[in-house]
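Here the protein sequences come in this chain order: A and B. Numbering (this note's numbering) for the first sequence: 162 to 615. Numbering (this note's numbering) for the second sequence: 162 to 615.
Please note that a few of the clues may not be correct.
Since the list gives no way to pick one copy over another, a pair counts as held whenever it fits inside one copy or between any two copies.
[Claimed, not checked] Cross-link-like lysine-lysine pairs, in silico, DSS-like; alpha carbons within 30 Å at most: (1) K319 x K471; (2) K390 x K206; (3) K319 x K210.
What the hints contain is simulated information worked out from the structure, not anything from laboratory work. Predicted model only: the values in this text are computed from it and were never measured.
There are 2 protein chains.
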Amino acid sequence: MKKYLLAAALLVNATMSYAQNADSIMMRRISDEVLLHSTSYSNLKVLCKEIGHRLSGTPAAAKAVAWGKEAMQVAGADTVWLQPVKVPHWVRGKESLKIKTAHNNTYHLQLLSIGNTVGTDGKVLSAQVVMVNDIEAFKKLPKKQVRGKIIFFNYRFKQDLVNPFEGYGDAGFYRWTAPNWASAKGAAGVIIRSVSTGIDDFPHTGSMRYADTVQPIPAVAIGNMGADKLEADCKKGIVTAMLSSECKMLADEQSYNVIGEIKGTEQPEKIVLVGGHLDSWDIGEGAHDDGAGCVQSIEVIRAMKALGIKPRYTVRAVLFMNEENGLKGGLAYGDSAKARKETHLFAIETDAGGFSPRGIGLAMSNDKRKQVQQYRNLFLPYGVYDFDGEEGGADISPLRRQGVPVAGLLPDPQRYFDLHHTANDVFEQISHRELKMGAATLTQIVYLISKHGL
Amino acid sequence: MKKYLLAAALLVNATMSYAQNADSIMMRRISDEVLLHSTSYSNLKVLCKEIGHRLSGTPAAAKAVAWGKEAMQVAGADTVWLQPVKVPHWVRGKESLKIKTAHNNTYHLQLLSIGNTVGTDGKVLSAQVVMVNDIEAFKKLPKKQVRGKIIFFNYRFKQDLVNPFEGYGDAGFYRWTAPNWASAKGAAGVIIRSVSTGIDDFPHTGSMRYADTVQPIPAVAIGNMGADKLEADCKKGIVTAMLSSECKMLADEQSYNVIGEIKGTEQPEKIVLVGGHLDSWDIGEGAHDDGAGCVQSIEVIRAMKALGIKPRYTVRAVLFMNEENGLKGGLAYGDSAKARKETHLFAIETDAGGFSPRGIGLAMSNDKRKQVQQYRNLFLPYGVYDFDGEEGGADISPLRRQGVPVAGLLPDPQRYFDLHHTANDVFEQISHRELKMGAATLTQIVYLISKHGL
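The whole structure should be built from the sequences, with the hints applied where relevant.
The structure is reproduced here in structure tokens:
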């Protein structure tokens, strides 16, 4: 009996290593194909330089949709279609922040209104600045020290964290939520030190959401150097800020997710999804956030087609609309998947920048997690070693809530929060080889799961 | 007996995990200290922007030596000294490359003479261009097709290799050696497609060495875009190149390695070395190559001092002179170590760019290799996972030949050969967080080995 078991075990082993060997060979072919012939870098150049930034609801976002549709077709997708999404349309307009110090010196600070906030209708909001270093200090302030003031949340990004994404989760509170705390206590406006690892003066915008219970007040971000200057002046005496801004929310606009797919040969009703988001903030070029993810997702289609890979399950690349200030694309996709009773075997998002890949975060049941982790050795030759994280992505979070196993590409995280949501997130910040390495990793994992299932 | 063995095993395990835990805590403190307080980025700014490029033998190299000495002192080294090194002094002068096509169109190509080569004494060397795609094709050329011609080695960097350092080893032959092959067959000059992963027109210089048996001939590098253009024209008909250059080798100059150390508390005669090279090519700012390695090595001293770490063995940081075009600093250091009968327990070089660290290459006996590899788990929280490579570094290769266990920091390799030896290797290409992550890794490995030995 033992002998038979042994023989059976050897057979299983031999079969497994044959399968792994075939996979290993195809993964090398994918890597070669992407590194030598990828169109991701040239595609990204067009998206960044010919269209540029593309906030939801803008004409540029509409152009990006048309671009994405064509790029999917050129990549060789069997089917390409647009999925309707109603998106918010926030506009920035002019904005200015002038500071008057206790010694009556005045200067302007670089600023960006935080996305989705109200402005001052172009009028000057003049008020005393009250600086606090964190929310605990703010909570201790008596109401009368807040009422009518402009609160300066001078919270620093934790540079000692090895992974800046943890620092983003931490400091992001001051952009996303803290303005609500200020408003609830009667503040007239908010200035935040940008959620930024940069040693520079780029302000970082990003999204915020007013709580239903508070009066919307203007909220703006200033760069780290500007914040240092303002901090120094606040320590010296009473500082006044004169803020004017024109930002406001317009009526919703019609927009689209762009979807391209390769039909599965055996069970086409089961879907393996790879995606990024097509919208960006209204500054810079959205190169890393998330032009990179879009062109990488398109590259998955192109590379699989170029190599003649015929996936067992359907491979779908999705360019989501409105990740930045509403997530309407991700929500619409999730609703549609539910309504159409689509089965998603796996969904992976790439929205952490076009940097060298280091791993794949896995947010799924332990069983499926282990199944994916078995591929780790296949990825090691490509420098992709970390399968221990639990990251997914915002656009696929509605799928995750429906029980779909989701994942996120984990590129090297060190540079992202220098650039994220700034005027400096431009094509020149992209390394063609890093971008392609990420595209190869995505193609490899999509290949594996569209062949073996999950 | 078995019981005692078990007890002993448990004791060893407990002791080991206690030691690993203490090490793990100190490694976190090192990481925090470097990420929050490192002076590596500000030091590098001074080196790049106030001194700039610093080829051996130049006044800028002398300034860099003075800078390095002071920076070591400011970092808190117990002792700082200069180790004399005689270095070559190669100068570039003016250079120009004009192309005339078969259709009598003319244009200039961006070029850089290859380091250490002869020039044309400022005269115009005009000759027909003979293009070959690789050395095999060149070998097949009859002598009469080479004699008096300018050979264009149109060899492409292998972009499909996941690690571009392998591609550098491969394509580097055409810069380092191929001009000798051309000269041996009577060529008048050589043009090479740069050893470059860049999708741009930056020429990459670098070193070459004439064989004793051949007549030195001028050899220049052109950028990838220029090479594409020249390739296209060579395919269309007879192309003439008009090359003029003034580069030449002057008399040797006196220079120095800069050395700083923290004296070991128990066995100060045993040395743990960390180093990079202070010289750079005569273009750009030598930011990644190897200003980064210099400021990281200085940071090891600063961080250990700031944390009050008292190493059992002596920790020595060395800024080597003349890595680029002679290795005289590394050779002088090796000779001195031998003459003074110094014992080096371990030497690590950082000369692969200031990018996010991924691993440490180990060139040493299997026993010692395994000993270092036991630290792998301690490094994983910092994204440093790869201890399987066998890289050391050029400057410490003389020590390696004396039997010293050597190692090399392995940063992410994807961007290096876009920038390496170009005018684009400037401070702006450095990410402060990536630079510091590398400095932390170096401090951590030096801490471990200067405590536990090897």
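Each hint, compared with the structure:
For the identical chains of this complex, K319 and K471 are inter-copy neighbours only, at 28 Å across copies versus 46 Å inside a copy, given an alpha-carbon limit of 30 Å. For the homomeric pair K390 and K206, the shortest alpha-carbon distance between copies (21 Å) is at most 30 Å, but the shortest distance inside one copy (36 Å) is not. Taking the closest pair of Cα atoms, K319 and K210 come within 30 Å of each other only across two copies (28 Å); inside a single copy the shortest separation is 33 Å, beyond that limit.
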